[in-house]
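So the protein lines, in turn, are chains A and B. All residue numbers in the first sequence are consecutive under the working numbering, ending with 232. All residue numbers in the second sequence are consecutive under the working numbering, ending with 250.
The hints are simulated quantities; they were obtained by calculation from the structure and are not laboratory data.
Some chain B residues near chain A, calculated using beta-carbon distances under 10 Å:
1. Tyr-143
2. Leu-146
3. Ile-150
4. Ala-154
These stretches of chain A come out as covered by chain B in the derived footprint (C-beta under 8 Å, 3 or more residues):
5. 156-166
6. 179-193
7. 225-231
Don't be surprised by glycine CBs; every beta carbon is placed ideally from N, CA and C.
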Amino acid sequence: MKATNPKQPSIFASLIAITRRDLLLALRRPGDILNPLFFFAMVCTLFPLAVGPGAEQLTLSGPGVLWVAALLATLLSLNSLFMSDHEDGSLDQLLVSPQPLPILALGKMIAHWLTTGLPLVLISPLLAMTYRMPVDVIGVLMLTLLLGTVCLSLLGSIGAALTVGLHRGTALLSLLILPLAMPVLLLGASTVSLAADSELYATGIWALGAYAVLALSLAPYATAAALRISNE
Amino acid sequence: MWKFFHHLTSPPHFYRLAATIIPWLAFPGLVLIAYGSYAGLFVAPEDYQQGDAYRIIYVHVPAAYVSIMAYVLMAVGGGCGLIWRLKLAHAVGAAAAPLGAAFTFLALATGSIWGRPMWGTWWEWGDPRLMSELIMLFLYFGYMALRAAIDETAKADKASAVLALVGVVNVVIVHYSVVWWNSLHQGPTLLKKGGPGMDADMLYPLLAMILGFTLVFGALLARRIRTEVLYRERRTRWVRELILAPGGGR
Numbered sequence: 001m002k003a004t005n006p007k008q009p010s011i012f013a014s015l016i017a018i019t020r021r022d023l024l025l026a027l028r029r030p031g032d033i034l035n036p037l038f039f040f041a042m043v044c045t046l047f048p049l050a051v052g053p054g055a056e057q058l059t060l061s062g063p064g065v066l067w068v069a070a071l072l073a074t075l076l077s078l079n080s081l082f083m084s085d086h087e088d089g090s091l092d093q094l095l096v097s098p099q100p101l102p103i104l105a106l107g108k109m110i111a112h113w114l115t116t117g118l119p120l121v122l123i124s125p126l127l128a129m130t131y132r133m134p135v136d137v138i139g140v141l142m143l144t145l146l147l148g149t150v151c152l153s154l155l156g157s158i159g160a161a162l163t164v165g166l167h168r169g170t171a172l173l174s175l176l177i178l179p180l181a182m183p184v185l186l187l188g189a190s191t192v193s194l195a196a197d198s199e200l201y202a203t204g205i206w207a208l209g210a211y212a213v214l215a216l217s218l219a220p221y222a223t224a225a226a227l228r229i230s231n232e
Numbered sequence: 001m002w003k004f005f006h007h008l009t010s011p012p013h014f015y016r017l018a019a020t021i022i023p024w025l026a027f028p029g030l031v032l033i034a035y036g037s038y039a040g041l042f043v044a045p046e047d048y049q050q051g052d053a054y055r056i057i058y059v060h061v062p063a064a065y066v067s068i069m070a071y072v073l074m075a076v077g078g079g080c081g082l083i084w085r086l087k088l089a090h091a092v093g094a095a096a097a098p099l100g101a102a103f104t105f106l107a108l109a110t111g112s113i114w115g116r117p118m119w120g121t122w123w124e125w126g127d128p129r130l131m132s133e134l135i136m137l138f139l140y141f142g143y144m145a146l147r148a149a150i151d152e153t154a155k156a157d158k159a160s161a162v163l164a165l166v167g168v169v170n171v172v173i174v175h176y177s178v179v180w181w182n183s184l185h186q187g188p189t190l191l192k193k194g195g196p197g198m199d200a201d202m203l204y205p206l207l208a209m210i211l212g213f214t215l216v217f218g219a220l221l222a223r224r225i226r227t228e229v230l231y232r233e234r235r236t237r238w239v240r241e242l243i244l245a246p247g248g249g250r
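So that you can see chain B by itself, here it is in the shape it has in the complex (with noise of 0.2 Å):
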């Protein structure tokens, strides 16, 4: 078992798993997106209060999502990293960062235009969920800055992971702390106490949506990592044999 942990965990090992990966979180992840963008868009019924309005929701929720996930798992790598030393681990948070900075970017973004029909402005402060998505935003920034201000490249892992792990308890800090100032927004509809409260045919495609966002995530990520984890090794023997050897990358 550790072995096998330890083996998925070598650079070279991981350079070459990620390689036959990627395709298999890549094409069900982008048919899921496509089935999630025809059926939320073309089949799914109106909502009786938002009327046509409400199909931004499948492309806002699921960006959410990713963002939130992003950046635990940027946490969470951060953490390993410092823990248990893995190389891996700090390029799994190197990797994620802009991704997760584009995901927030796309559910701000996504949020706001859905803000202007449903509470006649394009920002809402009072919002917790917004707060808490702009705060990680800028968190997200100001992991990527530190990380490019520091030259060497142990220490800016190093020193980002601390920051990712006081991010964590921040962000939940913040969206509570904006939950007692005020609240305009709707409530949870998905995660909320007997069920989601919605149709099965909008429940469907949103659920395909998150997936699909999910899968294309993990793609686009091991694919970031790939590339991280290839300059990070640009010293060492399997790099240059791997680059050496006929149809070199592979």
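With the rest of the complex left out, here is chain A (with noise of 0.2 Å):
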């Protein structure tokens, strides 16, 4: 057992770690935090301007166009998840320590969805309000956004990680997350609006529950799998 070797932490402690790590580095960056925030606000904002800013088309979009903006937020900041520890070398480090490597990725995810996925929760409220959506409804908007936004930092690891190191590694990446994200866009999107039409929404929840409990099982060995090829 390695775990009884005095001077090696145990495998839940190097997650800790590895999360105490991330967040520090971001926080120290606080830009890096707030641009996919401004970005989910911006593009909010351009929808009522190009649409209209009727009431009635408010309250039938606002669902879509607030999930859709921050898939695109969430899609921005994924960029950035392994490339500064590519750069500096310290991807190289977490190849080669004996912790597990899906255990160590995983704690990036953390501490990515802990800085973007969170914050984008948090501001969604502010947001639905201007598209007129009710109190009880953003209450769902939020509980869907904090799954989905779980699930895309999740699935969105693993591109960034086959992505990493590449040159024209932005758009790419985008082309291969956006059609794995395409269902959590349809759950999260329709639930909000079956919510918002007073109907059964539950079952939209459960299904977006199911999804992260299998990208959070899944996802962390496809994203160590794929980083270990990109730094071979």
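Hints are included, so try docking the two chains, each in its own frame, into the full complex.
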């Protein structure tokens, strides 16, 4: 057993350590956290300008617009997930470390979600209000975004790991991730729409939860495999 | 048994074997397609609801079937390549992707043409099969783009294999999430319980077309794998000997 070696931290301790390190790095560069949020707010502002500010239109398009904007904002932030680690060589250190790579990758995903997904969920009520969404629907929106951004961070890290170190990585990353993210978008946005029409929406929440659990159990392994391949 | 398998997956052997197999796949396939097209367009009776418009299924269904088969083949090839490090398996994936994308496009185009008289629209967002095919087309594009972006062949092979495997899970999820969302498409006819709900005169041409498409796809794929293998092994001795031999290339 590796864990009994007194010099080596347990798996859980290494998970906490890598999450803390990434959070610390993110907090030292607050721009990286704020940029996706501004992007989210701006995309949400563009839509009423493009389709018209009528109250009816806004209530109809609100759930979809907020969800697409959240998806794009997450995508924007994914590019940098492994980029700086790849550039300064700390990614190589992670790859040669004796800790299981999926756990380390999971730590990075958790940190990514805490710095992008969670802030998006927290500012979404503000933007939902401008789309005249009722308070109980806003609750559903936050819940779907909470589960959905977890899925997106997990899925996105696979794409980010596959494209790390490629020159044309950014556009390629979107091409790889958007088809994978489609079920999340569909479930999330249509659940909020159902809630807005006061229909039963619980199925969507359960399905999103199931997706999140599936992604949580598979994505760390896929990401670890992709990281090893990209850094051969 | 293992020796045979190992022999089969060695690139020079496969290169020669494929040359013999291709005509055996291509000619029966073309004959079946010729029979299926004739019987489907002229012999099969009109549908009592859809009239003659239903006849597009003789292209649409086989194309859709092959597009899915190609994707599964690509993913299985990628999986075998990752697990057993078979060079040939990765070549299968690389060769299958553009073909699969072409058949996917054909399935989407014919589906859309069929949708115009049937649903009154060229495109129906709420249909799970249409959406799964569209997402699959994007996954094919992503797969090919990832391959094109990585210069080293070995690395491109493995990275795209991971993507293909993730994509397989995704296509299933897309399908069921859209089923939950909405469905307008007519229900499945061919594979439902209690046998196909179709007249024999309509059914046999369709089965002939499906088999014919599969065989022709197999021939095209074998041909593409041959080219792929030749390109990948371009620095090896057997390729040099092959090209320098009299009547080279056969």
